[in-house]
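**Student:** Chains A and B supply the protein sequences, listed in that same order. For reference, each letter of the first sequence is one residue, going 1 to 113 in my numbering. For reference, each letter of the second sequence is one residue, going 1001 to 1115 in my numbering.
Note that these hints are calculated values from the structure, not bench results. Hints are not guaranteed to be accurate.
[Claimed, not checked] Label-pair ranges, simulated between beta-carbon atoms:
#1 A:LEU56 to B:THR1086: 38 to 46 Å
#2 A:LYS77 to B:LEU1115: 37 to 45 Å
#3 A:ARG108 to B:ASN1062: 22 to 30 Å
#4 A:SER110 to B:MET1019: 33 to 41 Å
#5 B:PRO1095 to A:THR52: 13 to 21 Å
#6 A:PRO40 to B:VAL1050: 26 to 34 Å
C-beta: ideal position from N, C-alpha, C; glycine also.
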Amino acid sequence: AQSVAQPEDQVNVAEGNPLTVKCTYSVSGNPYLFWYVQYPNRGLQFLLKYITGDNLVKGSYGFEAEFNKSQTSFHLKKPSALVSDSALYFCAVRDEGNTPLVFGKGTRLSVIA
Amino acid sequence: NAGVTQTPKFQVLKTGQSMTLQCAQDMNHEYMSWYRQDPGMGLRLIHYSVGAGITDQGEVPNGYNVSRSTTEDFPLRLLSAAPSQTSVYFCASTPRGGGGANVLTFGAGSRLTVL
Chain A
1 AQSVAQPEDQ
11 VNVAEGNPLT
21 VKCTYSVSGN
31 PYLFWYVQYP
41 NRGLQFLLKY
51 ITGDNLVKGS
61 YGFEAEFNKS
71 QTSFHLKKPS
81 ALVSDSALYF
91 CAVRDEGNTP
101 LVFGKGTRLS
111 VIA
Chain B
1001 NAGVTQTPKF
1011 QVLKTGQSMT
1021 LQCAQDMNHE
1031 YMSWYRQDPG
1041 MGLRLIHYSV
1051 GAGITDQGEV
1061 PNGYNVSRST
1071 TEDFPLRLLS
1081 AAPSQTSVYF
1091 CASTPRGGGG
1101 ANVLTFGAGS
1111 RLTVL
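Produce the complete structure using the sequences and hints provided.
**Tutor:** Right under this line is the structure:
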């Protein structure tokens, strides 16, 4: 069965600094990996996904994620954080095929001005 | 606007009461699912459906029933609410084709409190 781990409950970063939100995964086959963001009192919004190909995936709002098969990781990154990036971020994975998406526990990002 | 609509947005129940959380999508998505979100637990899958007439259990199905009589609607029923069901519930949908790459579209959520 697939699983996702987000080792940090909270990440604090100063505005303008680079940010990284960590994610590791476990699947039996090739993974389909996703990042979603949740702003306060809102539903989840899709940021980016990895299917195959280039290990660096670019997504919405300047975010990108790096797929590392040997480390089974899919860390979310942004070169310069904004206060408006403060939100709850979820990593998710599914195995090959249209099996249900499994989410991590979420990481709260706080960007301080 | 097209998307996933959940009702109600807020609900307070007493222990033992029953209720139905409604979910409707107008994107002709075959796949629909219900998740619950609890602090420190992330999103956990309750039930899902790959098409009309087909439902299956997720990670935490106990205490919940679902049905899928149409492509558009996927209601979640609590037959006898318990305080442990206090949570925020999210409905999500996606097209079935495309394999694992499909992106889930989420509703805005329904916040349920059971006293």
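**Student:** Hint by hint, which ones does the structure fall short of?
**Tutor:** none
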